[in-house]
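Asks: Protein chains in written order, with this note's numbering: chain A, 2 to 432; chain B, 39 to 280.
Derived by calculation from the structure, the hints in this document are not laboratory data.
Among the clues, some could well be false.
Going by beta-carbon spacing under 7 Å, a handful of chain B positions derived as facing chain A [what the hints assert, rightly or not]:
#	residue
1	PRO40
2	VAL47
3	VAL101
4	GLU143
5	ARG147
6	ALA149
7	GLY156
8	SER157
9	LYS189
10	VAL251
11	ALA255
Every residue gets a Cβ at the ideal spot worked out from N, C-alpha and C, and that includes glycine.
Here is what each chain is made of, one letter per residue.
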Amino acid sequence: MKHEFQNGDKIALRNGEEAKVVEKLGEGGQGAVYKVKIGIKEYALKWYHIGVIPNIKKFYKNLENNIAKGSPSDAFLWPLHLTEQAGGSFGYVMELRPDNYKEFSEFLLARVRFASLSAAVNASLNITNGFRELHRRGFSYQDLNDGNFFIDPLNGNVLICDNDNVAPYGENLGIAGKARYMAPEVVRNKKKPDVMTDRFSLTVVLFRLLFLDHPLEGKRVVESPCLTEELELKYYGKDPIFIYDKDDDSNRPVRGVHPNALRFWPLYPKFIREKFEFALSKDAMHGKIARPTDNDWQIAFTELRSSIVTCPCGGETFLDLSGDSLCVCCGMKIPKPPVLSLQGRYKVALFPEMKLYKCHTDRDSDDYKEIAGEVIRNPKQPTIWGLRNLSDTIWNVEYKDGTSKILSKGEVAVVTKIKQIQFPNGVGTVI
Amino acid sequence: MPNIYDGAVEVARRTMTLFFVVDASGSMDGSKMGTLNAAVEEVIPEIRKISGENADAAIKIAVLEFSSGARWITPAPMDAEDFTWSFLDADGLTDLGEACKALNEKLSRKAFMSDAAGSFAPAIFLLSDGEPTDDYKPELEKLKQNNWFRKAIKVAVAIGDDANRDVLGEFTGNKEAVLTVHTPEALAKMIRFVSVTASQIGSKSTGVGKGGVDEAANKQDEMVQKLGAVQETDIDDGDLEW
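Just need the whole structure built from these sequences, with the hints factored in.
Replies: Next comes the structure, spelled out in structure tokens:
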């Protein structure tokens, strides 16, 4: 059952303030979301339908704790204030979603498309990092699915919503989620959602984001005319098979039904495909081997981002860091550029427009957002490329001819001459 | 600028067909049919919205009317996107057996359930105000053997006291899935509630079964549970007569 608020209604908040309903924004299975005004600022307010929360007292208390702890990062539309309970239900206030952020389901329905390869890879990186930050603060998300994200298609910036199900490690709020995103052991009702099951759900979300099909839905699922509850239990719980399983081809994508997977999977570099093959192997799905951690994915997507370059055709493509590459847009051959190997963890193609981030130059950093350097073309001789230091630290560049150069902020070293770079807390070697 | 994602197409979505099986016998004439027509017409945009925002499944709608014989209003299930409700007229008998026969014929991968990406089990919504006038039993028995029917979410609304709740209970498989309404307001409310809830449950991937390890979820149970909640709290059906 649900209670409908009318425009102009006032909802009392726990902190003594009032939220005035401006308009209803939407409605889901759990509750309705309204645009409200508190003072002069507008927010979103989610109000739960009556009877959908298994244990209201526990749920309310949990939200209260989450509000007190604060948001893990700015990628979350985190609960800010609780309302008073009224008429057997309650709600909470969060920031409004800006219009440039689109629902993940709109990408899946091809109503919105990523503006570039970088945008898609950035979105994967941002979602991964969001969950990493969440897990690092001792929370688990519990109900990760395609309804939890808003993404800016231009740049891949991400907002994670529905953070009301988030709970401290070991806690469970009785929310189980959707079969298509739940870990097999949760679908089978053998385990309640937690950090480990979040990892599985994250893998499904990442796969769907990049390849725009479902990792467990191929031939054998299509061959079942009616997907009954029993078959859902089989395909997502007891006997899931990845559509690109290395050793079992019984569930491959079907031409005409899964064109996105068939189109995008082969375009992605091998190391990323192998990551998914591992994460969705039968052993990893059944929990016989550990699933990749959020950090594993973050490193992988950071590296993937460092392999994206703009081809002379104007489109973005991946560079194979071990040899020549073919542009995914026009098919043109792109010779292997110099590659900088950093801290034994990352590889970056030294190709114009490529950025170095703090996590590349500092072995103790995992900051993939702060730019530390960039590859540029010489304005007068564009065929000569240089690496510019954009950080506040001083780099010591060792050239192949045995000479060296001190690189302060803003200064540039010629890419083809570089042998090694000493950063204050790290080293990069050209391979 | 060339961009590989320009080539992305809509993900393969299953189909969930919502069947309206409507008693259009003479006794439905007047305010019953009037209310029914108006209520279904009003709920269609909501179903369109549920379908439009759903990456799991697209919703299609099929309409079967029965009176003296049964007749498909939709020659095939139609995308909720394109569907508009044609107002039904009431006249003739209550041939429920004919309706069961027509349903049984079309609940097949060779007929209505033929989508390439597969389907979820359908949701079947029966609305009737009277006793069947034909020998419905043999056709209902055959229909009950149909796997699509067996797995379907089934709800019936008995309009007024002349409807035979036992017969409708045989159709849905459990009496809890039969609701009785006595007023136009209650009918309109129930049409909205059942159509929206069945569309939501039917078109989504299921959650976790309640029965323990490796027990499948059950959408019909979920539906019945929601119906129970709404009957207790939401419907003020009073003592008004039609």
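Asks: So, for every hint listed, does it hold in this structure?
Replies: Hint-by-hint comparison with the structure:
no., hint, in the structure
1, PRO40, "3 Å, holds"
2, VAL47, "5 Å, holds"
3, VAL101, "21 Å, violated"
4, GLU143, "16 Å, violated"
5, ARG147, "5 Å, holds"
6, ALA149, "12 Å, violated"
7, GLY156, "6 Å, holds"
8, SER157, "6 Å, holds"
9, LYS189, "5 Å, holds"
10, VAL251, "5 Å, holds"
11, ALA255, "5 Å, holds"
Comparing the model with each earlier hint shows violations of hints 3, 4, 6; every other hint is respected.
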